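Construct the entire structure; sequences and hints are all you get.
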Amino acid sequence: MRIKTSAIVMTLYLLFLLVPIYWLITMSLKTNTEITSTFSLFPQSITFRNYGVILTDPSWYMGYVNSMIYVTMNVVISLTVALPAAYAFSRYNFMGDKHLFFWLLTNRMAPPAVFALPFFQLYSSVGLFDTHIAIALAHTLFNVPLAVWILEGFMRGVPKEIDETAYIDGYSFGRFFIKIFMPLIASGIGVAAFFAFMFSWVELLLSRTLATVNAKSIAATMTRTVSASGMDWGVLAAAGVLTIVPGALVIYFVRNYIAKGFALGRV
Amino acid sequence: MDKTQNNKAWFLVLPVLVLVAFSAVLPLMTVVNYAFNDTFGQNEFFWASLDWFEEMVTSDRLRDALGRQTLFSAIILAIEVPLGIFIALNMPKKGFWASLVLILMALPLLIPFNVVGTIWQIFGRVDIGLLGRALAAMGIDYNYTNDPLDAWFTVIIMDVWHWTSLVALLCYAGLQSIPQAYYQAARIDQATRWSVFRYIELPKMKGVLLIAVLLRFMDSFMIYTEPFVVTGGGPGNSTTFLSIDLAKMATGQFDLGPAAAFSLMYFLVILLISWVFFTVMTNLDREENR
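First to last, the sequence lines map onto chains A and B. If you read the first sequence in the working numbering, its first letter stands for residue 1, the second for the next number, and so on. If you read the second sequence in the working numbering, its first letter stands for residue 268, the second for the next number, and so on.
Hints in this document: simulated from the structure, not taken from any laboratory. Hints may be right or wrong, so weigh each one.
To be verified - For lysine-lysine, the following DSBU-like pairs were computed, each having C-alpha atoms within a straight-line distance of at most 30 Å:
id: 1; chain 1: A; residue 1: K98; chain 2: B; residue 2: K473
id: 2; chain 1: B; residue 1: K473; chain 2: B; residue 2: K361
id: 3; chain 1: A; residue 1: K98; chain 2: B; residue 2: K270
id: 4; chain 1: B; residue 1: K275; chain 2: A; residue 2: K160
id: 5; chain 1: B; residue 1: K360; chain 2: A; residue 2: K179
id: 6; chain 1: B; residue 1: K275; chain 2: A; residue 2: K98
id: 7; chain 1: A; residue 1: K4; chain 2: B; residue 2: K360
Stated by the list, open to error - Residues of chain B clear of chain A, computed beta-carbon distances all greater than 10 Å:
id: 8; residue: T337
id: 9; residue: L376
id: 10; residue: L377
id: 11; residue: I423
id: 12; residue: E468
id: 13; residue: Y491
id: 14; residue: N504
None of the values given here were measured: they were computed from a predicted structure. For glycine and all other residues, C-beta sits at the position ideal for the given N, C-alpha and C.
Set out below in structure tokens:
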């Protein structure tokens, strides 16, 4: 009997989660006249026109390209600086380590709205406004702390004897780190990369503030279409579906680490 | 794990330090600068001491936004935490169904914030949305663009949809760590379902639950994108939360002084909460290592 009630609870909850997504997907397959004039649970005639618009119009698909570029840059930068730092935090006590660790956390928790204007001025003054690297650097604000915290959580699980044995065997720090240590925490690196990717991909406020044309992200493209014409629901829905795809594709690989990633490596 | 004392480890954290200093400390200093000065452009600044802070502390606008924000965060926590625990208790424990449920539940967490907004904007519309249509069919007068109460309802149910899974997943991770022997012992003692929950499951979930509550509080306190897309802060100012108000003030109206003073106070609140968070985390780590 208990199994049955829990199955009912889960079914109801999953329905609640999936119905809005389903609605977005059906809408992306309908024509605009069908969306506004009739009301149906299933598209009457499936059309891929909305996707066609996005994939052929540069002002749409460049949004995806721009987002991809700065997100990738951000992931690379975040991981490169976070890996050695996480190693230091997981292995050594040093002066001010606790304070530094706390300070990193406050950056992850800082509201982006506080930083929007200063970022705008900072990057304008150094001539980086409306470039991919500006957004990538701005997003390191919350992604570097996140990566450090997640990686530190994974590195603590690796016994210190491995480091010591490697040093006795004559490995230098760099060679040990790349050849032995990084493969050991490969899953941790994957998870950290995934979360850095995700949080950079979903962020709107900073990417919208820091770019107007050349580096305009897909998120910003979507909001401006809403406010300008606001009527092309089909294309908007299709654009939404396309932004969900990257996350949905890799979700399978991180399913067991999702709680850990969202809790900053602490579960 | 025992850590060795080694101050050379500073070299390893140096890159992070430089990068975060560039992307956090430098901008923050600009904010501090604006908060204490007045400007008429051309980079000329006049010392304004604490005027902006006074103005902000006494302004109705900020107080209203803070009130709305607090109410919003309180409602969110009151709904999502119990619901998340409840869902976690009902999740399948292992096998194919467990994986499937895990993946489906994680889906909303990975959708870009503005798309979450778009989904609910479409879903809730009276003319083309399933929710709006369904409510209208039931004879409920629902329109989130006109009615503040409906706007609140939409924003809250959107956040529940978006983030309850996070609470549930964290609790689930906590539940997974309970050995089967505990449940067997409870069965021998003929414990009721409630006492199993109260004396076995809840204490084991305490740690992750604290993290979940803090994360949900922080993130709901800084919420920007989702309500911005759905309601744009309206109707009127009814869903203008702190971040939306701040962004309006800073990048919309360029009221730099007040916005900066506002930012600093906002930041101090966040700092305080982060400190609680950090203390909880480190205490948990210590318990784990014992």
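Tested hints:
1. K98/A with K473/B: holds, 24 Å
2. K473/B with K361/B: holds, 22 Å
3. K98/A with K270/B: holds, 13 Å
4. K275/B with K160/A: holds, 17 Å
5. K360/B with K179/A: violated, 37 Å
6. K275/B with K98/A: Holds. K275/B to K98/A sits at ~15 Å (cutoff 30 Å).
7. K4/A with K360/B: Roughly 14 Å between the alpha carbons, so the hint for K4/A and K360/B holds.
8. T337: holds, 15 Å
9. L376: violated, 7 Å
10. L377: violated, 3 Å
11. I423: holds, 14 Å
12. E468: Given that every Cβ of chain A is farther than 10 Å from that of E468/B, nearest at about 14 Å, it holds.
13. Y491: Label violated. Min Cβ-Cβ 6 Å, cutoff 10 Å.
14. N504: Given that every Cβ of chain A is farther than 10 Å from that of N504/B, nearest at about 16 Å, it holds.
Checked against the numbered hints above, the structure violates hints 5, 9, 10, 13; every other hint is satisfied.
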